[in-house]
Every structure is written in structure tokens, then in C-alpha cells.
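Numbered by full-length UniProt numbering, the letters in the sequence shown go through residues 1 to 431 in order.
Just so you know, the hints here were simulated from the structure itself, not pulled from any lab data. Small disclaimer: the values here were computed from a predicted structure and weren't measured.
The calculated label-pair distances, taken between Cβ atoms and stated as ranges, are:
1) E27 to K135: 32 to 38 Å
2) G232 to S413: 28 to 34 Å
3) V324 to G241: 46 to 52 Å
DSS-like cross-link-like pairs, simulated, lysine-lysine; straight-line CA separation at most 30 Å:
4) K120 to K148
5) K167 to K135
6) K98 to K122
7) K174 to K148
8) K167 to K381
9) K181 to K122
10) K41 to K98
11) K167 to K75
12) K135 to K120
13) K181 to K167
14) K34 to K48
15) K167 to K148
16) K153 to K167
17) K122 to K75
18) K98 to K153
19) K273 to K364
20) K48 to K75
21) K153 to K174
22) K122 to K174
23) K364 to K269
24) K381 to K98
25) K98 to K124
26) K148 to K135
27) K167 to K120
28) K75 to K120
29) K34 to K364
30) K364 to K381
Beta carbons: idealized from backbone N, C-alpha and C, even for Gly.
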Amino acid sequence: MTWALKAPPGGGKQGANPYFDGLSIEEQEDIANKHIEMDEKFNFYRLKNTPQNTPETGWLINMHTTTIFTEGSNKRAFSALDMYFLRENGSHFKATMKYEPYFYIAVTEGMEGVFDQWVKNKFKSEVSAVSVIEKEDLDLKNHLIGLKRTLVKIEFPNTNDLMRVRKVLMPAIKRNQDEAKTKAIYEVYKPENTNTSNKMNNDEVLEHVLDIREYDVPYHIRTAIDNSITCGLWYDVQVRGLSTTLTHREDLEERPDPVIMAFDIECTKQDLKFPDADNGDMVMMISYMLDNQGYLIINRDVVSADIEDFEYTPKPDYEGPFIVWNEPDERALLQRFFDHIIEVQPTILVTFNGDFFDWPFIDKRAAYYGMNMTEQIGFGKDNADEYKSRHAIHMDAFSTVGGWSVEDMLLVSVYGMHASAPVLLLPHTGV
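Sequences and hints are given; from them, build the entire structure.
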């Protein structure tokens with residue numbers, strides 16, 4: 001099979017998984033192994049079994065949906081959460097938490113048991129557990145007095161199975177809700193067929209399916225919420241087989257120092273036009289700061305002479321010694337950039353409008369030379385047109401500045417970014 005590493009999906013519903021949807025177990029496992037290879041390329045090795053009472057301690061920096069598989073000939077796929085950690089000394093590790101996705105179904109009052117049994121019989125291979133629970137429902141008029149609604153919770157081994165069952169239920173739910181709206185009695189709607197026998201046929205059971213809840217929560221968010229997992233906190237991580245337990249270390253407050261790379265590109269362009277990677281414009285320079293050390297990569301196809309190392313220190317607090325690499329052409333410039341990212345392993349990359357200019361331009365120019373940026377450094381465009389990777393974070397500063405008011409910009413122009421940042425990062429009170 002021809003395979004290409006893809007960037008992590010951007011948001012989406014709980015079942016939307018562009019990596020694995022519709023693929024065989026073997027194909028899914030092949031893609032998952034490629035993700036593991038990329039993680040290990042940046043020294044994020046998955047924890048196996050940790051010694052009893054000797055957890056691994058790490059600072060959580062990122063998380064992504066993945067799929068894990070049982071051993072043996074009868075393989076099963078399970079949705080899981082890959083969590084990327086930094087140790088106190090700055091080294092990396094990864095832990096994977098198996099957690100079953102789910103949604104809730106509201107059925108006609110008194111039909112919960114029948115629907116429970118129907119789901120277990122009809123979806124034996126897709127469903128891992130079905131239970132009847134009570135949950136607060138904000139749609140109920142008297143929910144403030146503690147009134148709860150009875151729902152059927154359906155759990156699945158993986159998001160693909162969730163999607164398959166959801167596709168069966170959604171048309172019936174929409175049809176029943178449309179009928180209820182027509183009758184203008186949705187809250188007390190009851191179908192004409194009130195047979196509560198376990199021998200009801202498929203259509204009769206579906207007449208009683210009224211609503212679906214929490215089906216659209218992205219898997220990684222669902223898992224993080226249910227297990228109280230938050231990036232930017234310290235955790236003790238204990239792994240036993242497929243079971244991973246995280247314990248928040250409230251006594252640890254000082255974060256480790258992630259490797260931060262802030263970069264910008266300069267490009268050639270036609271007169272009076274914007275740089276266009278598809279029209280032959282090239283990357284002329286890539287400059288970046290890496291832990292207070294500056295780097296500049298030069299494309300000598302464009303620049304007429306070698307540039308020597310230099311220092312740019314606009315203020316004493318912002319020292320800028322720069323190491324310069326003079327590369328013979330654009331291909332060599334791009335390869336030098338990729339190789340240095342692999343070497344220094346940044347966990348945070350910062351750009352200004354990188355999602356819509358720097359990353360796409362680099363991506364297209366690399367492809368022009370037969371280089372796959374995502375396969376080299378793990379960064380690629382997701383289905384939200386944002387550039388992400390599994391092991392590192394891309395922070396596009398333009399996304400923050402784009403929401404500034406005129407007053408915010410005046411604040412920065414008068415006091416500078418360093419002094420203004422604490423104020424700008426506070427929630428707006430509207431005062």
C-alpha cells in the first residue's frame with residue numbers, strides 16, 4: 001500500500017478520524033506504527049510497564065488521538081490518547097491512555113431496557129458496553145431543582161465503531177424529531193407504537209429513539225475532560241499493560257524549559273505581487289531564534305555573496321548572536337532547516353501568520369524538490385488548514401494579534417510587547 005504520513009486532524013467530531021476511518025486492521029496498524037516512528041524520531045518513546053509505586057513524572061505538553069491494537073491473530077483496535085511529556089531535565093517520554101468513546105441516547109420513557117437489549121443484539125461486534133444512567137439535562141424545564149433524565153450510554157472500542165452505530169441511529173433520530181416538531185409536542189412526544197416487548201423489530205425500536213447527546217465531542221477532549229487531564233501540569237504516570245493512570249502533582253509548579261523555536265522566512269517575488277510558491281518564487285532566507293541563539297540560513301542562488309556570522313542586539317535584554325549557514329540553493333536551505341529541527345527537537349514552534357504563509361510556502365517548495373515536509377519533521381496541514389504535529393506545538397502569534405482591538409495595539413505601541421503581554425493575556429472584563 002502507498003502510504004503518506006498525515007498531519008494530526010484538526011478538531012472534528014468524536015468519530016472523525018482521518019487516519020483510520022474505513023481501513024482494515026492491518027492498514028490502521030501500519031499507519032499507527034508510522035506515527036510511533038515519527039514520535040521516536042523526536043525521542044518521545046512510549047512508556048511500557050512502570051515499576052510498582054515508581055511512576056514516571058512529567059509535564060504534559062501535548063496530546064493527540066491514536067489507535068492501539070491487541071496482540072495475536074484476532075487483533076482488536078482501541079481508541080487511545082497519546083500524551084507527550086517533558087521530564088524535569090528536559091528529556092521526553094510519551095504515555096498512551098486507552099479510553100472508550102461513547103455517546104448517550106434518549107428514548108421514550110420506559111423503553112430504556114428494550115433499547116439496551118436491542119443495541120447489544122444488533123451491534124455485538126461494535127459495542128463494548130451499554131448501560132442506563134441518569135444525567136442532568138439542561139433542556140428540562142425543572143433541571144435547576146435537580147431533575148434528571150434517564151439516558152442510555154453506549155460505549156465503543158474505538159471511534160470507527162462509534163461512527164458506524166451513529167450512522168444507523170441518526171436518520172431515525174432526525175425523522176422522530178421532525179415528526180415531534182410537526183406535532184408541536186416534542187417534550188411529551190410518544191410514538192404511536194408503544195409496544196415494550198423485547199421482540200420488537202428494527203423499525204419499531206427506532207421509533208422510540210428521540211435524541212443523541214455528546215456524540216460531537218472530539219475524542220481527545222472527551223478523554224481529557226473525563227480523566228481531568230490538562231496540558232501544562234505535572235503528572236505522575238503509572239502504566240500497567242493497557243492501563244495508564246495519571247495523578248496530578250499539585251506540589252510541582254515550576255515548569256521545565258521546553259525548546260522553543262521562533263522562525264520567519266523571506267521569499268522572492270514578482271514586482272508588485274505577493275510571494276507565490278506555485279509560481280516559482282523561492283525561499284530566500286530562513287531566520288530563527290532558538291533558546292537565545294539566532295540562526296540564519298541563506299539561499300545563495302538568490303543572495304549574491306556569503307553572509308558572515310553577526311550579532312543583532314536591539315536591547316540589552318534581547319541579545320542576538322547569529323550563526324549563518326550559506327547554502328548553495330533552495331533545496332539545500334530547506335534540508336538544512338529540516339535537519340536542524342530534527343537535531344534540536346523543539347517542542348514549541350512560533351510563527352507570525354505561519355499557518356497561512358510560512359508553513360504552506362515551505363511545504364510547497366519542499367514538495368517541488370520531492371521532499372515531504374510532514375515525513376521529515378512531522379508538521380503538516382490538518383483539515384482546519386492549520387499546521388500541526390503530534391509531538392510539538394505550533395503557536396501562530398497572528399491568531400492572538402488578529403483579535404486585538406485598537407486599544408490593545410496602542411498599548412503595545414506605547415509600552416512594548418514585553419510590558420503589555422501580562423495585560424493582553426488576561427480575560428477581557430468588558431469594563
